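Novice: So the protein lines, in turn, are chains A and B.
To convert a position in the first sequence, counted from 1, into the numbering used here, add 2.
To convert a position in the second sequence, counted from 1, into the numbering used here, add 960.
It should be emphasised that the hints constitute simulated quantities derived from the structure, not laboratory data.
As the structure is a computational prediction, the values presented were derived from the model and not from experiment.
Just to be clear, a hint being listed does not mean it is correct.
What the hints assert, rightly or not - Facing chain A, a subset of chain B residues (Cβ under 10 Å, in silico): (1) LEU968; (2) PHE976; (3) ALA978; (4) LEU979; (5) MET980; (6) VAL988; (7) TYR1005; (8) SER1071.
All C-beta atoms in this analysis are idealised placements derived from N, C-alpha and C, irrespective of residue type, glycine included.
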Amino acid sequence: MATVSELQVRTGRRAELALLGVSWSIIVLARALVDYHADFLELRTLGIYAGVAAALMLGCHLLLRRYAPSADPVLLPAVLAINGVGLAMIRRVDFGYAQYRGRDTAFGDAQIGWTVAGVLLAMAVIFLIRDHRLLRRFTYTAGVVGLVLYLLPLVPGLGVTINGARIWIDLFGRSLQPGEFAKIAMVIFFAGYLVTNRDTLALAGPKFLGLRFPRPRDMGPLLLVWAAALLLMVYQRDLGASLLFFGIFLGMLYVATQRISWVVTGVAMFGIGAVLAGTIFPHVRARYDAWLNALDPDLYSSGTSEQLVRGLFGMASGGLFGTGLGEGRPDLVPYAESDFIIASIGEEMGLTGLMAILALYLILVQRAFRTSIGVRDGFGKLVAGGLGFALALQVFIVVGGVTRVIPLTGLTTPWLAYGGSSMLANWIIVGLLLRISDQARRTTAEVAE
Amino acid sequence: MNEPARRLSVVVLVLFLALMGAASYIQVIGAEDLNQDPRNVRTLYREYGNFRGPIVVDGEAVVWSEPVDDPFNYQRSYTQGSLYAAATGFYSIVYGRSGLEQTENALLNGSADALFWTRLGNLFAGEQQQGASVETTLSGELQAVAAEQLGDQRGAVVALDPATGEVLAMVTSPTYDPELLASHDTATVNANYAELLAQEDGPLINRAIAGDTYPPGSTFKLLVAAAALEGGYTPDTELYGPQQLDLPGTSRTISNFGDAECAGDEYLPLADALRISCNTAFADLGMSLGWGVLERKARDFGWDEPLEMPLPVTASGLPESPNESETAMSALGQFDVRATPLQMAMVASAIANDGVLMKPYLVDTVRASDLTVVSQTEPEEYRQSMSPEDASDLTQMMVGAVADGTGRAARIDGVEVAGKTGTAQTGQDTPPHAWFVSFAPADDPVIAIAVIVEEGGETGSGATGGSVAAPIARSIMEKAIQLDAEGDL
Chain A
3 MATVSELQVR TGRRAELALL GVSWSIIVLA RALVDYHADF LELRTLGIYA GVAAALMLGC
63 HLLLRRYAPS ADPVLLPAVL AINGVGLAMI RRVDFGYAQY RGRDTAFGDA QIGWTVAGVL
123 LAMAVIFLIR DHRLLRRFTY TAGVVGLVLY LLPLVPGLGV TINGARIWID LFGRSLQPGE
183 FAKIAMVIFF AGYLVTNRDT LALAGPKFLG LRFPRPRDMG PLLLVWAAAL LLMVYQRDLG
243 ASLLFFGIFL GMLYVATQRI SWVVTGVAMF GIGAVLAGTI FPHVRARYDA WLNALDPDLY
303 SSGTSEQLVR GLFGMASGGL FGTGLGEGRP DLVPYAESDF IIASIGEEMG LTGLMAILAL
363 YLILVQRAFR TSIGVRDGFG KLVAGGLGFA LALQVFIVVG GVTRVIPLTG LTTPWLAYGG
423 SSMLANWIIV GLLLRISDQA RRTTAEVAE
Chain B
961 MNEPARRLSV VVLVLFLALM GAASYIQVIG AEDLNQDPRN VRTLYREYGN FRGPIVVDGE
1021 AVVWSEPVDD PFNYQRSYTQ GSLYAAATGF YSIVYGRSGL EQTENALLNG SADALFWTRL
1081 GNLFAGEQQQ GASVETTLSG ELQAVAAEQL GDQRGAVVAL DPATGEVLAM VTSPTYDPEL
1141 LASHDTATVN ANYAELLAQE DGPLINRAIA GDTYPPGSTF KLLVAAAALE GGYTPDTELY
1201 GPQQLDLPGT SRTISNFGDA ECAGDEYLPL ADALRISCNT AFADLGMSLG WGVLERKARD
1261 FGWDEPLEMP LPVTASGLPE SPNESETAMS ALGQFDVRAT PLQMAMVASA IANDGVLMKP
1321 YLVDTVRASD LTVVSQTEPE EYRQSMSPED ASDLTQMMVG AVADGTGRAA RIDGVEVAGK
1381 TGTAQTGQDT PPHAWFVSFA PADDPVIAIA VIVEEGGETG SGATGGSVAA PIARSIMEKA
1441 IQLDAEGDL
């Protein structure tokens, strides 16, 4: 008996169930607190919310047991916890707008819909893609689809400009941010392209100052991507996405080739591009100014740094432990439910709550890298690592913008900020990571046997 | 590909540590500065959430907060707001604070260090932070008389208790009702504020302590006389007071009010010169004493130094190294000599108090919400302005000015009043400012007072300090003496 059980490899499904229980408590408690402070606590509504959450979680759990039994048990509970806190916070901001601003918004309710759709989409990914290596067949298709999606908002008549950024398309009266989905397509394209060409990229080329630099013809794709990133920056005024796009590519290139020279070249090129953009384009220049001298009264009163500074005020008033959910004034920060939801969390949940959210993201990203290291095929490694790095970079760019680590650019905080495109795209990433992690851990299990 | 992936995960860790560091910086180290930034309205909202203490006059709250059902939780209210506005100031969600609402803010909102134990008690009792009540030194009745007497005329009245420095009355006219700015409706507040700003008379200006300052005119002669007494003159010392006095180095002359003679033979005693406010005699006296002496005496009375009582008081101004003829003009309280009404009240109160100038103060007692005394202002000597003997001589001279001089309009039956008029020229075409500074009773003063009516008030170009300002001062002194007799002052 004992010898048999030693050969059993733990899939982690039970741990997952326990962790899901913890996440469920966080999700329900957060909403209950928000409703309570807004004098909106109805046990029946809360019961339905808790019930739907439990049913969704249980459904995911059972589906994973059946179709991806070895998948990473931490991913899903961590994402759900982030998502649940986001739902509570957005609902709270709705209440704040209604109470102090006389604005009737229903971001919170809409976001619940997007969340349910996102979770179902992730489960569909797991159900439909039984083996992630299947995706490698679509390398170039993904590349084309990715580029098209990225450039779609530039098509006249289809693209719309919202708040100065042309990153939206109008689809049957709904605005959609195709860039969020393009991100995934690009990761698949990069992974497929790099796993095929990694040897040429890694080994050929002249040496200079002890670093081996790539041959110009191998640099073609890099140059292409660099140009595309700049194009985005210039025409869509979407600095965050271009930074993310380019960062993902460099990160994956490094993982594929282990050549630090690629990273040096890439960062230098991006740096040159950024400086040039700062000199040529006033709106980029304004971002730099707002970043460096945020508290300057002139920049504040002209509106250049107002949003950023209002976010800082919110976070400062939260201090170490926050004002408590429902006790702050997140409505005083523009876009408290989307771009600046991090400031809302910092205000009402304090540094403690913000740290917890960042820790959850960090756990997620580290789990993705672990999957990358665990999975045996190069394509899977690059996709998992690429998705993990994409998440990390996106969180860094948006939170770094709000906390003045880097200039502020528009990006959504995955699963936390209000936004349908972002929610769906990021849940697809969860589905892919779960699928690859199943492979990674099953391989280990098979080896152990 | 495992090794670079591992390294990349370390890079990610570093990126996240940078985020955590930045968040910690903002929310812990930089938080205090950000919270105190005037652009951060959260502080105001939080303050409004707590009970704000009342401002009290004669034991009754004239400013208080009451709970309301809106995001600010408490509504600030002002009874007789326009009467006390010069002292209380306003408290607005849009325009911040002024007056005592500003200077005593930390006590009123309960965040002052002095209230630490009260706050701790509230915390353990599970109660809200409670502000302290601020009791002023003002006398409601004197304040009312002063406001009523000043009426619609532009000007100010400041009355002090010469023995302590307590501000008994402080009125500025025109005034405003702080209630107009206390609304929680931003649009209403904006409209009211814009209207107050648009008014030509500047009702938001506290003329008593923080206006543009005025030329003190002949009331400044009190300082010249004090300097002369200190320099060995007596009330009987004969001064040169011709009908017209040439200003050295210019083609201009100084003449007396109405071009009158001061004395038949051009010489008259110092006491008479003050009694009839002889310009030529004081101009000549000022030149003989020299600017340095006058300047030192002015500083002894508090000139050229800002003061907090705790409302910030604009420093009264002095000319910089004037020449002889400018000295002559300065001795008459013209040229670059400037004074706040409070400053002139301080001059009267120092003379009244045997030469000792007490530091003026407006806040008497501060009580925590449980009525324990948080602070109690003790009278404090501010300056030894002149010797007791000189003060006594000057008092007698001022008594003469009221009994049989320019200040006859301030006479009170059965009481000796000491006073000095001033009629300050401001320009060729504008009527003069009418001043009167005084104290009473002269032998045992209970009140020292300065009154200014801008540009002659209702009387216009014919106005003098004696005709316009002195009657106002008299009414207030009468009231003060009556209150003192009843033991209410």
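Novice: Could you run down the list of hints and mark each one as holding or not?
Specialist: Hints, verified against the model:
1. LEU968: holds, 6 Å
2. PHE976: Since chain A brings a Cβ to about 5 Å from B/PHE976, closer than 10 Å, the hint holds.
3. ALA978: holds, 5 Å
4. LEU979: At about 5 Å, which falls below the 10 Å cut-off, the nearest Cβ of chain A leaves the hint on B/LEU979 intact, so it holds.
5. MET980: holds, 6 Å
6. VAL988: Holds. Min distance 6 Å.
7. TYR1005: holds, 6 Å
8. SER1071: violated, 14 Å
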